[in-house]
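S.K.: Listed below are the residues making up each chain.
Protein chains: 2
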Amino acid sequence: MTAPAARAVPSLPSGSGVTPTPTGPIPVPPPGAPRVDVEALSTTLLGRWADVRRAARARAARPELHRLDDLTVAQHRERVLEQMHLLAREGVSRIMLPESLGGPNDNGGNVAGFEELVVADPSLQIKAGVQWGLYTSAILQLGTAEHHARWIEDAMTLATPGAFAMTETGHGSDVQSLATTATYDPETQEWVVHTPFRAAWKDYLGNAALHARAATVFARLITNGVDHGVHCFYVPVRDEHGAMMPGVRSEDDGPKGGLNGIDNGRLAFDHVRIPRTNLLNRYGDVAPDGTYTSPIDSPGRRFFTMLGTLVQGRVSLDGAANRASQLALHIAITYASQRRQFTGASPTEETVLLDYQSHLARLLPRLAETYAGAFAHEQLLIAFDDVFSGRGDSPEAREDLETLAAALKPTSTRLALDTVQECREACGGQGFLAENRLVGLHQDLDVYATFEGDNTVLLQLVGKRLLSDYTDELRSIDRAGVGRFIAQRAEALSRRHTPWNRLVQTASDAGSMRRSSESLRLPEFQEAMLTERARLKVEEVALALRSAAGKEPAEAAAIVNKHQVELLDAARAHADLVRWEAFTAGIAGIDDEGTRLVLTDLRDLLGLTLIERDLAWFLLDGMISAQRGRTVSKDIRRLLWRLRPHALDLVDAFGLEPGHVRAPIALGAERERQDEAAAYVRARRASADAPLSEKAQKAALAEAERASARQGRGRRRP
Amino acid sequence: MTAPAARAVPSLPSGSGVTPTPTGPIPVPPPGAPRVDVEALSTTLLGRWADVRRAARARAARPELHRLDDLTVAQHRERVLEQMHLLAREGVSRIMLPESLGGPNDNGGNVAGFEELVVADPSLQIKAGVQWGLYTSAILQLGTAEHHARWIEDAMTLATPGAFAMTETGHGSDVQSLATTATYDPETQEWVVHTPFRAAWKDYLGNAALHARAATVFARLITNGVDHGVHCFYVPVRDEHGAMMPGVRSEDDGPKGGLNGIDNGRLAFDHVRIPRTNLLNRYGDVAPDGTYTSPIDSPGRRFFTMLGTLVQGRVSLDGAANRASQLALHIAITYASQRRQFTGASPTEETVLLDYQSHLARLLPRLAETYAGAFAHEQLLIAFDDVFSGRGDSPEAREDLETLAAALKPTSTRLALDTVQECREACGGQGFLAENRLVGLHQDLDVYATFEGDNTVLLQLVGKRLLSDYTDELRSIDRAGVGRFIAQRAEALSRRHTPWNRLVQTASDAGSMRRSSESLRLPEFQEAMLTERARLKVEEVALALRSAAGKEPAEAAAIVNKHQVELLDAARAHADLVRWEAFTAGIAGIDDEGTRLVLTDLRDLLGLTLIERDLAWFLLDGMISAQRGRTVSKDIRRLLWRLRPHALDLVDAFGLEPGHVRAPIALGAERERQDEAAAYVRARRASADAPLSEKAQKAALAEAERASARQGRGRRRP
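Protein sequence lines, in the order shown, are assigned to chains A and B. Residue numbers for the first sequence follow full-length UniProt numbering, so the first one is 1 and each next one is one higher. Residue numbers for the second sequence follow full-length UniProt numbering, so the first one is 1 and each next one is one higher.
Do not take every clue at face value.
Identical copies look the same in the list; a pair holds intra-copy or inter-copy alike.
[Said to hold, decoys possible] With a Cα cut of at most 20 Å, we get these calculated SDA-like pairs of lysine to any residue:
#1 Lys698 <-> Arg48
#2 Lys698 <-> Gly300
#3 Lys551 <-> Leu101
#4 Lys634 <-> Thr609
#5 Lys562 <-> Glu540
#6 Lys562 <-> Arg62
#7 Lys695 <-> Thr183
#8 Lys634 <-> Ala558
#9 Lys464 <-> Leu536
#10 Lys634 <-> Ala542
#11 Lys634 <-> Ala556
#12 Lys698 <-> Gln176
Calculated from the structure, these hints are not laboratory results.
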C-alpha cells in the first residue's frame, strides 16, 4: 500500500551480492539475505483495530481534511470547524457509545481511528479529541443515564460544541488545587458556579474562544459549608446565536505556536446559576436539601477515580505522536535515499545522504524508537480498551493503565518532537518549506509535550508509583522473607561494583571483542541491563529518601526535591524498559523470518542506543565492564550499516499513502530533479563542446610545454 | 536597565542568612555572600561595540520594528520591507562601508548592531543580512572600485533590493558543485548566464520571490572552452516596475516554518546576457578577448578565498542565536521565579517552579552555555573585525577565523533551538501562546541550523581542519623530534588506560569524596579534561584514518565515512573547549569579586555539564576514575542550588528591556495573578464563612462521635 514514488529506489538490483559499501550502489539486501515483507509488517503494525485504522487512513487522505499552510488563525479555525461537521455527519465517533446509547462501546477503535487524523491536520485530531474525547467523555464517564439522554446526542452531532473546562490559568498540572467553585443553594436547588480571581479563569480550552455552547466545568463542590473537592458540572456557555450566557465571559487565547485550527480560549463565571441536576453525579451527588453522598468514601480516591476516566486523552496523544514520528521519518528517509551531495567514492556521482554514517546515526535510532513506540502503544490501547469496555475493569487495572499511559505519553511526545526536528534538519532547506510538512508537524505537536499532563509531571507520577511499588514489596515480605530479600538485594548491590559480564559471561566471553559484541546483542543481555537499571534507579531513590521519613513536611519536601532529577530518571528508565519489551514481544508475533531478523536488528539498535545514552551509569554501577563498554558504539555503527538496505522498507511498512505524506520531496520531486541533472551531466560529458576544467587545462598546458621543451631539446641535439 | 516587573521577586529579604532550602523562602544571596553587580556585568557583556549595541537595542525596542503574530505571509513580507526602508533611511548599515566609500569600515560594529535586531523580528535581522551582509558584501568584497561606484549606494538605500544567488536547489552545502553557468561571448563582450536544469535553479534566496531588482549570481565562469569554477556576477533580475527581466524567471518558496517576513524564492536564467564588466572581478577577470586572469593561481584556493569573504553571515548568526537564547532564558527564568504549582513545604503556599530541582536542571546549564556563547562570540567578532578591517588580515588569520566561525555557528544555533524549546516547555501552556514569544523564536531560529552552512557540514569542516593541523604537527617535527613526540603521545595514550587522577592527584585526593568533588571544580582539572578530550578525539580519528592513505578513492571514502560520527564528535569537543576557554577568559576580565565568584560557579556548571554529557568516554579512556565519576552529577546539583539565588541577576545582565521581552508572562502578568490569588486565599482563610474541607469535616465528625461516645460511657459509669 505504498506510493510508487516513495519506493522509487530500492527496486534496482544492486548486483553486488555482498554487504553494501557506504558509498557504493544503492544498497538492497543481497540475494539470500533477510528481506522485510512490507505488506505483512504493515498489517502487523495496524494491530487489533486494523479495520478501523484502514477506514480512518482513507479518511485522512481526503484533501478536504488537510491542513493548509498560509491561513490566518480565523480561516484555519473556520476550516477545522467545517471538517468537524463533516466527521459528525459521517458519525465517525459513534463507535465510542456504550450499548445503552446504541453503540458498540468500542473505545479502543474510537481512539485508534482518531489518532490517524493527525496526518490530515493535528488541529482536527485535537479538536475532535476535545469534542468527543474530553467533553462528551466527561458526560459519559462522570454523568449518569439522565445526563446521557439529555446531552450526548447533541454532542455527537456537534449541535452542541463543547469545551472541557478543567485547566485554569493558575493550575494546570495540579488539578486538585483548582479554584473555581460550585456552591449549592438549597433555596433554589441550583449550583452557583464562580471564578474567584483572575488565575482561576478556565484557560487553554479548545472551543472556548468561539464555538462552545456548553462546557463540562471542573469546580470545587461546596454544600452545607463543606468543600468536597473538584467535581464536574455541565454549564451552558453560549446561546444558539453564539452570544455568551449571562455571567459567563470568554477570552481568546490568540495565535499559538501551532494547532491554530482550534479556538483555544478562556472562560470565567460570575455567580452563574445552573440546576442541581447539572452536576455529573456518578461519583458524588447532592440531594435537594444539599446533603452530599458518594459511592467512594475517601475524597482523595474519589478525585483520582474521576480523573482516571480521562486517561483516554493521554492514550490518544501517545498514538498520534507515534504516527507523527512515522510520517516525519518516512519523509526524511525517502528524501535521504534520493538526495545527493558531495562526491566521495566516485568523481562523477555524488553520494546519497542516507549513505553518510552521520545521516544514518541521526535517523535510524529514532526509527527504532518509533517502532518500539508503535508496539508499546498497541499494548496501551488494548489495556485502555479492556478497562473501558468493562471486560478488564478493576482498580488495579485502572492504576496500571494510568501508569502505563503516564510513562508512554511523555516518551512518545518527546520522541515525536525530537524526531520531527531531526528530520526537518536532515532535509536542509527543503525541510524548512511548509510544503514539506515537517515544520508544521513540529509546530502542531509542540504542545503535546505539556498538555493532557505535562511530561515532567507525568514522569514524576510514574516515579512515585514505582517508589510505592518498591516500598509495598518491602512491606509485603514476611519476617522469614526479609532475610531472603536482603540477601538478594545484597547480591544485586554487590554486583553493582563488579562488572556484570565477569559474573555471567566468563564461559562465553574469553576476552574476544567479537564475542563480546555479539553478546551485547543477546536479548537476554539487553533485557538484564534495562531491567536491572530500572530497578536499581528506583532502589537508589528509595534509599536516599528514607531519611525523609518522620521529618517535618518542609524538610521532607526538601529531601524529596533534592532527588527529583533522579526520580524522573528512574521513570524514564522504566519507560525505556516498557518500550524495549513491547518491541521484543511484537517481534515474537511475526511469522515471516526475514522480517523478524531485520526487526531484531532494529530492536538491538534500540537496546544498544538506550544503553549507550546511559553508558556512564552502567559503567559506574559496574554493570558493564570498560572492555564491553568500548564496543557499544562500534556495534551501533555496525547495526546502522546492516539496517541501511532495509530503511525504505521499514518506513514503507508505516502504510503512509501520498495523501498522507503530501511532501513533494518525498513524492518524486527530488527524484525527478536528480534524474534530470544526472542525464544532463552524462550528455554533457559525452559531447565534444563540454568545457575543460581549469585544472585539466593547466595539466594539459604543462604537458604541452614539457612536450615542446622535449622537442626543443630534440632539435638542438643533432 | 531592567523592567521592574522582571525583577519582581528578589528584592524581598530572605532573612535566613543561610544557603536557601529548596522549598524555603525565595532565595537571595545571604548577607556577606557574593552578589552579581548586574550593571557592571551587563556592560562587560556589551563588549567592544557597546555603543553600537546600545543604539541597536534602542532601535530593537521600537514597536514599528516588532514581529506581529497573526499576519499572512504576504502581510508579514510587506511589513518587513517597510522596516527595511526605515533602516535604510536611518543609514543603519553605513558603518560597514570602507573608507574609500566614505564609511568607517566598522565591520564588527555593523554585525554587532544587526545581531540585536533578532529580538525585534528575526525576519528583519535576516532580510537586512541578505541585503547588506550578503548582496552588498558580495559587491564590496568580490567586486572592484567600478562596481562599488555603480551599485553600492543603491544597495545601501534599498533603491536596488538584491538577492544573493548562491544556493541552488540541487547544491547548498557543496557550493563548488553549483551548476549555473556564465559563458563568455567575445563577439558581444557579454556573459551568457544560464540554468541548465531544474536542480540548478537558485533557491531559498531572500528577496528573490518579490523584491529583488538585482542578484549577485554565483555561476561557473566559462571562457575559451575552459571552466574556471564558481565566480560571482551582477545580474539585474527585475525592472523598476518589478517586472522580470527578459530570460529571468522567479518562483516563490511559499510559506516556511518561520522567517515568513522574508520573500524567499527561486531564480532561473535562460541564456541571460550581461556585460563583461558585470563579473565581480577581484579574484578573477576576463579580458575583452576572453582571456582569463586571476591573482590567485590555484583554482581551489581562489574558490575558497572568494567564499571566505562571506564568513560574516556565520559570525552574525552566532551572535543572533546567542541573543535569542538570552531572550528565551530571560522569559522562562523570570516566569519560573513567579509561577507557583503544587504545595510542598507549606500546606498553604505553593512552590515556585524555579525551586524545583528538575526545573533548575532544565534551565541553568543552558544559561551557563549561553554565557559561554556570549564570551566566545565576542572573540569571534573581534577576530572577524581584525581580518576585515585589514588590521590583522593574513591567510592564516582568515583560516582561523573561518574555523572559529565554523565551530561556533553550529554550536550556538543548536543551543538556541534547544534552549528556546526547553524554555517553551518549561512555561507550559503559557509557553505555547504566541504572545509569550518562545514559539515564534523557535520557528524563526529553526533554519539557522541549516542555512549559511549546514551545521553538520560546518562541523565536518572543523573536524577536517583539526585533522590537518594534527597531521601538520606530525609532519613538521624533525627527525630528532619524532622520538620525543612519540614518547609524549605514548604517555598520553597510556594515561588513557590509567585513571587520570591516579597520576596527578594521589597527594591531594586521599579518597575523600569532598576533596574529590572540590577538585572537579578546579579550573585546571576542567581545562585538562576538555583539552585532552579535544586532542585525543582528533588523534583517535587520525589513527583510524591512516589505513585510508594510498587506497583507491572509493575505498578511502568508505573508511573516512566509517569514522564520520567520531569526526563530528571531535569537532564538537573542540567547540566545547573554545567556549569553556572563552568563558574563563571573560571571567578573568571582571573586576567585581562577587560577580566573578558567581560567574565562576556558572563556568564550573558548564565545565561539569560538558564532562557529564561525555562521562562514559572519560571513564572508558581512563581520564576520570569511577570514584570521581560518581561525584560529577552530585556536584552539578550542588551548583544548581548555589546558583539559584543569582538566576534572576544573571538573566537581568542580558540587558533585555520590556520592548525586547514583550512576553506578558515575564512582564508582570503572572506576578499580578499570583498576588491576587494569594490575597484571596489569605482573606478567605481569615473569614468565618470559608468552607471546611471534606477531610477536615470528617475528622471533626469522628472527633464529635468519639466525644459523644465518651460522654455515653461517662453517663453509664456513675
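S.K.: Of all the hints given earlier, name the ones this structure violates by number, lowest first.
M.R.: The structure breaks hints 1, 3 and 6; every other hint is satisfied.
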